[in-house]
Amino acid sequence: MNLSSLTPPSDMPSAGARIPGYAVSVVFVVAGVLLTLVDYQITGWVVFGIVLSLAAPWSPQYLGGWILILFLAAGELAHHHAVLNWRFLVVLAGLHLLYVLAVLALGLPWRSWVQPAVFLAPLRRFVAIQVPTQLLAVVALLLLAPSKDGHRPVTVGEFAVIGALAIVGLALLLLTPRLTDPPASAS
Amino acid sequence: MIDPAPQSAPRSSRVTATALPSWTRSPGLIAGGVIAVAIAGAAVLLARIDLALLALPLIIAVTLSWERRPPQGQSATVTLALGESDGSEMDFTVRIDVPAGVEAIALRYSLLAYESREIVIAGPLAGDLSGRVPLLHSGPQELVRIEYRFLGPDAGVTSLPQEPLIAGRIIAPQRAAFGSLPVPRRLQGLTGSHESARAGDGGDFRDVHPFTAGDRLRRIDWKATARRGQNAADLYVRRTAALADATVLIVLDSRDDVGEQVAEWYRNAAAKKGISSLDVAREAASSIAAGYINAGDRVGFQDLSSRSRMIAHGGGRRHLWHLLRAIEITQPSAVAFRHQRPPIVPPGALVYLLSSLLDDQGVQLALRWRANGHRVIAVDVLPPARFARTTRYERAAHRVVMMERDDRIGLLRRRGIEFLRWSEDDTRLSREARLQLLSRPARAAAGWIGARG
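So the protein sequences, as listed, match chains A and B.
When you line the first sequence up against the working numbering, it's residues 1277 to 1463, in that order.
When you line the second sequence up against the working numbering, it's residues 14 to 466, in that order.
Keep in mind that the hints were calculated from the coordinates and are not lab data.
Do not take every clue at face value.
If the Cβ cut is set under 10 Å, some of the chain B residues that face chain A in the computed set are [stated by the list, open to error]:
{"id": "1", "residue": "Val-75"}
{"id": "2", "residue": "Leu-77"}
{"id": "3", "residue": "Ser-101"}
{"id": "4", "residue": "Tyr-122"}
{"id": "5", "residue": "Val-133"}
{"id": "6", "residue": "Gln-175"}
In this text the structure is predicted, and so the values were computed from the model without any measurement.
C-beta atoms are modelled at their ideal positions from N, C-alpha and C, and glycine is treated no differently.
Work the whole structure out from these sequences, hints included.
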């Protein structure tokens, strides 16, 4: 296959497949490089991140994309403590985006042409997860991240209460659908 | 020159497959779960809220993909149907009824058994997909082949690829009509549309002959009798030619199928090879068969690559339908078939050998038939060569093959076998004119065709 042959299929026009499958890989590379620069800024580690960003979509079956996610998450350890800034929020969204793109790159044939509607459901899920997660991150970091003088707005005891409430809420969220489901009939 | 492999899958105009997809987790989903747990574990060990927050969307995404996977046991139905054709293209539709939870379908399809294309369509939009496939060849052929697999949420859960669906159709060759067709050297039977050499009823004036026992009195030509008679007992009758029918055997050499594009000879891709020798052969065979049957003659058919595709000579509309059907389904066989004995030719029959003459087998058969006294016409069905995208070596190899073929054609001509090129290109005479030349009395025509044909 050469570049000149990369045209949407004209023999099945009703499919409306206009986006090349490798576009997912291209977006992954761009996102990976930008996140590496945001996370590690100008350090020697950037080279490793860029190499991973380029290599991961080339052979997605080797799961290089997931190594890149781990690498970027590890970048947060460069800070001595959690801080709330725009970089963290970008990385928070970026890691999730990289995961979605990596799974899609693994599932979609790179030679294929994709209907734009295929990306709608993953995009909706991404937004549905990210909006509350970003809000939660802002609130959590405002409450729990220590300031420059080491003072924490919420003490460990208060955090335990909040954590317990959060666990109860999460448990209710996960168990409610199961409790309301009718019991499976014995066959 | 490659014989295509025999079709293992059934071909029809409408193919439906219902399958229970077998779902598997993508390695990406498992890896996502692992790294999410690893980041969350590091967050606990290092007491880092930021790492826990980074793990949170990954855990939710993995959980959602797994929870919303399509349920096991729901079947999917895919229907591939060919529509009507306008002669040059044919419509086809693909209908996919997907199980709940399927977000996308990865569909791989190929037209005319050529390179496959892959498209990914959204599950909710996968109703009727339609397309068009060009009809480039006659005969049995695979028109559309599709393979598919289903993708769950975020492609984190996928089904195993399903068995391919193949839709094929037998395309009838075009038929040409001719004003005159050659006849055998010896006509047989007492009925028909051709005038035989015998005196009899039905034909045009033949000669004036002395009256003999059995001649009807009303045939006496009194003017000729008065002019020629030496005495009162001399009577002369006007004789007419008897009518007879011709017996024709069409022998189609379908052991190879090469296209006009020389660069495609080694690959023989239906979509790229252009007009093929079997396309020309099917058109020639069906035109010849229809021409003779419509003239009231008897025609038989023999396919050199198959023992089973042989039809004894006969006449009539029903026999023509049998012949055309046998010609339509002619295709190369993957198994080489060598004749121990040449196919039996009815006495006095005219034999048409339709061959690309790229090997000696057809030539040997034609020489045997000619030696047995049959009139044999070798119809060259090799289309004019085109050299797009050929290499220097391919052109040289083609030249060698053509030189060997010219030697065979020369041998056929020297042995009294008439030669007819079916393709219209690069010839001074039209096909109709060449057939008219062959239809002339054999003694006059043989030399002329040998010189110019």
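Outcome of the hint check:
1. The closest approach between the C-beta of Val-75 of chain B and any C-beta of chain A is roughly 8 Å, which is under the 10 Å cut-off, so the hint is satisfied.
2. For the restraint placing Leu-77 of chain B at the interface with chain A, the shortest Cβ-Cβ distance is roughly 6 Å, inside the 10 Å limit, so the hint holds.
3. For Ser-101 of chain B, the suggested interface contact is broken, since its CB lies about 13 Å from the closest CB of chain A, more than 10 Å.
4. A cut of 10 Å between beta carbons decides the hint on Tyr-122 of chain B: the least distance to chain A is about 7 Å, and the hint holds.
5. Interface restraint check for Val-133 of chain B: the shortest CB-CB distance to chain A comes to about 4 Å, inside 10 Å, so the restraint holds.
6. Using the Cβ-Cβ criterion of 10 Å, the hint placing Gln-175 of chain B at the interface with chain A is not satisfied: the shortest such distance is roughly 15 Å.
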